[in-house]
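> Single-letter residue listing:
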Amino acid sequence: MAGHADAAHSNAGKYIQIAVVLFALTALEVALYEVCYGGLKTMAPGLGASLEPWFVEVLLLLSAFKFWFVAMFYMHLKFDMKLLSWLFLFSLIIAVIVIGALIILFGYNRGLWWPGGKW
Amino acid sequence: MALPRALWRRHLPLGLLALFAVVVLAGCAGENYPQSTLHPKGDFAELVDAVFMKTVWWATAIFILVEAALLYAIFKFRGKPDDPEPKQVHGSTVVEIIWTVIPAAVLAFVAVPTVQTIFKTAEIPASSPDGQKPLTVEVIGHQWWWEFRYPELGIITANEMHVPVGRTVDIRMKTVDVLHSFWIPQLAGKRDLFPNRETRLWFTAKEAGEYPGACAEFCGLQHGKMLFYVMADTPADFDAWVARRMQDSVTVVPMAAAIPSDTVGPAADATGLMDTLTVSPMAQAAMDPRVAEGEKLFLTKACAGCHSLKAVGGPPVMVGPNLGGIGARRMIAAGWMRNTDENLKHWLQNPQEVKEGVLMAGYTLSDAEAEALVAYLRTKQ
Amino acid sequence: MTTTTAALDHHDHDDAHAHHTSLPIDNRKLAIWTFIGSECLFFATLISTYLVYAGQSVKGPFPTDIFSVGLVTAGTAVLLFSSFFVVMALDGAQKGDRKKMLTWLSLTVLCGVFFAGMQVYEFWHFYHLGLGYSTNLFSASFYTLTGFHGAHVALGTLWLATILKDAIKGRVPPKKALNLEIAALYWHFVDVVWIIIFPVVYLMQMRS
Amino acid sequence: MATTVLEPTMTRTAALAKRSVLVDWLTTVDHKKIGIMYGAWAFFFFVIGGVEALIIRAQLARPEATLVSPEFYNQLFTMHGTTMIFLAVMPLSAMFFNFMIPLLIGARDVAFPRLNAMSLWVFVLGGLFLNASFLFGTAPNGGWFGYAPLSGRQYSPGPHMDFWVLGLQILGIASLAAGVNFFTTILNMRARGMTLMRMPMFVWATLITQVLVLLSFPVITVALILLMADRLFGSGFFVTAMGGDPMLWQHLFWVFGHPEVYILILPAFGIISEILPVFSRKPLFGYSAMVFSSAFIAFLGFGVWSHHMFSTGMGPLADSFFSLATMLIAIPTGVKIFNWIGTLWGGSLQFKTPMYFALGFIAMFIMGGLSGVMHSVAPADLQQTDTYFVVAHFHYVLFGGSILALTAGAYYWWPKMFGKMLDEGLGKFHFWTTMIGFNLTFFPMHFAGLLGMPRRVYTYPSGLGFDLYNLMATVGAFFLAFSILVFMWNVIKTWRSSERAPADPWGGATLEWTIPSPPQEWNFDDEPVVTERDAVWGMKRAAGVRMLPEPVAGDGKGIHMPGPSWWPLVVSLGILSFFVGFMFDKPWAFPFGPVTVFGLLLTTFAIFKWAYEAPDAHATNH
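Residue numbers (our numbering), protein chains in the order written: chain A, 4 to 122; chain X, 671 to 1051; chain C, 342 to 549; chain Z, 14 to 635.
Where hints are given, some of them may not hold.
As the list claims (entries may be wrong) - Distance condition first, Cα-Cα at most 20 Å in a straight line; then the derived SDA-like pairs of lysine to any residue:
id	chain 1	residue 1	chain 2	residue 2
1	C	LYS510	Z	LYS622
2	X	LYS757	Z	PRO296
3	X	LYS1050	X	PHE908
4	X	LYS980	X	ALA913
5	C	LYS506	Z	THR617
These are computed hints drawn from the structure, not numbers from a lab.
Just so you know, these numbers come straight off a predicted model, no measurement behind them.
Go ahead and model the full structure; you've got the sequences and the hints to work with.
Here is the structure:
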């Protein structure tokens, strides 16, 4: 049973490439933070100011990419049974529903996006 | 078991049906159910009742149809063990679609008024049916009693809320301890009280009357005895009530009474204040000598440490319910007992027996002392 | 404590191997994926709690007073690399390249130890900056979230170390590479959870 | 995986005979024995929960009664709810998962037999731990929903809610482990030819239930961890003075709590879907619709939790969303009911006791379902929530639904489990007493609730019109208790009877009826092969017979079976010790005291021993 995925396995080169990508994306995340809020803010104030409104969105996007790379290649979802991907995806969907709903509901309660929504 | 079985068969369905009828009819009979959700006496409750009854009729219709189909199938398709195999039907897409679509359509008939009512009840009307601005009442939940404040009038009271008929009441709620839920079934639905967030509710009483309410969120030991009354007065009666609250006799309240809500018990030096106290003119004027005695006791027995008799201008935070007008209230012990002299005396002498765990400790009172206190409190109309 | 069951799933050799399986997959691999799916909700709830309570503490210290991005970035990099190391080790295990497996697996375990150590140091450091577990809402939700992640890292490290021990004794031949594959899946999952936690907790919270 | 370790001269039978009965049951990994133990313990807890209910009803029989103190009353209703949900209905379903699933899918055992044993022992120890709180007079008293801040340290000092918080965490481990196990078992251990769409409906129901367990229990686990941290380690997740929010507890609780409702009812749906076709002698109507409706119910179950919170004032948008989402659930649920009636339609109905209970289930569940739709109407729910109307509703779902279905399942599978038939006469008597007692207890509660009686009150004043309904409910409750006694008498009578049940007493459609009653330890002599849905009916039809010939007991020669193990029990004890430690270690050390550390070490140690235990896969009678 164990060998079923061997043929399709990506080789070491692929793994290295992904490691590099992961590292680069992480560096990008930290750099983004540094430019917007950290030490680099003074060095490139214009860049920081223009990126800042999108800080959270960009960070989430970069993290999603990293997540996807690890799940697809290191966890072999790309080469493994579809069922496993569905299993993971379904759990993630429920997880995102829970996180999203709670953030929306609490934001509403605190009047963040519905004036007078405080009751 | 042959005989009983035959009896069961024949009479059971009829018996159940009769029982069902009795229960249903008893529930519809109106006046004996002052806490009923089925007999709304306010606009909020009427809105709710309207959408609820819509659902009830749909549900009843569906119930009868489906149970009838079930019973029909049960009686029609009885088989014997050696009967031939019935036709093996596996299903039908058409039928599946039909019985998916029909309930969906029925639900639409429920869903539309539901959403309409949600938005209608969510919005606090800007003006009352009588044209006035809604009357604001702040509800503060305590374990296990209710505090009501009228910020526009400056009145504080407890366990008995007076509202004028025809004027919308804008209720803002908070709790000082655990969650509670404010509920007067004949006037409005429930709303929970939170310690960190103001919740709101509104209603307009349409008929004068006394409406019992209850805490509907489990709040600990005496959740069962956290009741209250809403007195819907005619505008004239309400004005009279407000006027009486404004004139509640001025009782000297020890400063130490303004203790934070999380400390418990009487003000430490209540007795030390005795020298500075004078018996109020009203107590002096009373015919009953026990009244003056009762007033003295009220102050020395530490009642005043937790309770204020002033509905207006009293200390802002008190551990115990405000007693302004206590003599005229319908109930005592947070809506639990009728406010008779006998009950009040019993309550004063044995609070833990009436309501175990309540903060009011038993301050040993002789019969005479208790009677004097009752007489005094009774003067607080 | 749900992590206990993960270890059990892995170590459970009971599957009646005389019996065929309906899907072309080993019971244990299916089980670990199922468990990972369940863990998604575990961490989703912890992350929700952290986010709902972000900015709600009534007193400090606040994230901006405490966090420094440097150390945790190093930890993040180490955890990412360990994911890479463990796929290399698995590659070795599946191809019967024992030396490759041992090398990369040792590195993975070292990474796990380093990350756990980084977290212990970080907690110790924060504690000395005045951030106890129950200091405020931020501290409690931060320590609970990252602490449970740390516990997963520790468990994963112990698990991988156990397999390393077996591998050194020659008990992980290619036909048993599945033992490593399952532990590796768990390890990657712990890594992807950190991929979310790192930006959400550290980077976003540092906004002034 | 290692070579077989067997004393060559000793047969398996002889080896097992050497073990005492007690050791055999403590170390067994046989899904059938585990199933029976699940059932026995669950029934034990069910009786405890029932006695609690009777005391509650006795107290409420009359207004202003003083039979029990308010404190004891609060403990009773908290433990009644907690017990019935976590210690009765869930493990009673687990009894059928354990005993029946491998048989229904033609497997030799579950995927992880030792993990299965661990689930059982963790459940048993967790249940005993929860109930041990009564011995100290400190049973949980904050409601099964444990709303903060009442359940927090400030308002609930003492060990009451610690028992609850820790007990539920222990039970959660059992459920999660079983969830992983049965999900894997069903997907991966099916007989050859049994595709997903050929699985018996109960297997589908179980599979979907496990998905719900796996995705909802982590949420309550985290919520309990947060509450535990508040209570024991002084954090302020739900302490408003620290910025915490009691609403978070409610959301997390119901994100779990609503799927939990389906965890309790989906297995019941599955059992009914097995029984109706057999006693109608006609396949389940609309099989695929039944599968998809279950899946749809489960998925929607994650999107409706806030309908338990309409009275908290979430605002009109959220109220509307959760209202409509809740109404949607009525559609697949209706589809199920219609399909069951469709199954009866045109059949040749055989009125045996299981069929009685199954039909009773449909009749009662319709009622519970319809009152459920009334709750989905958010404004109406403002009047109904936290009243006896809700109590009536969910007892129609949980007793009229789950318990009636589980009872139907018990009558249906009893011959398979124990090799003896429960008495039909007593069974029908049991049915009628149950129906009368049940309706007399819970039907009046609808009215008590609509007329304004709140839940969880230990007494009520006279003069509000609740008296008659409460008296009826109390009489009904004792009648219902009597019906349980009838069932117990039936069990005892059957136990003492020497009459053996045939392998296939009902003319069943599923694989378990092809093997002897009770099954041999290895279940199937030969792995069955399935070529269609209702496989056994197909076999009978192919053979042109009404009944298959009585199977001849095999000798199990050459069949690999997992050996018994102590480690699941030891791990369970370690887990128990770990959690109990949190209660008693507080004065010693923070946060881990000796009992907790001992538990952790014992668990770890036992897991290692478990992992390296020689797989005792001995062949039988070689």
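> Output the numbers, in ascending order, of every earlier hint that fails for this structure.
none
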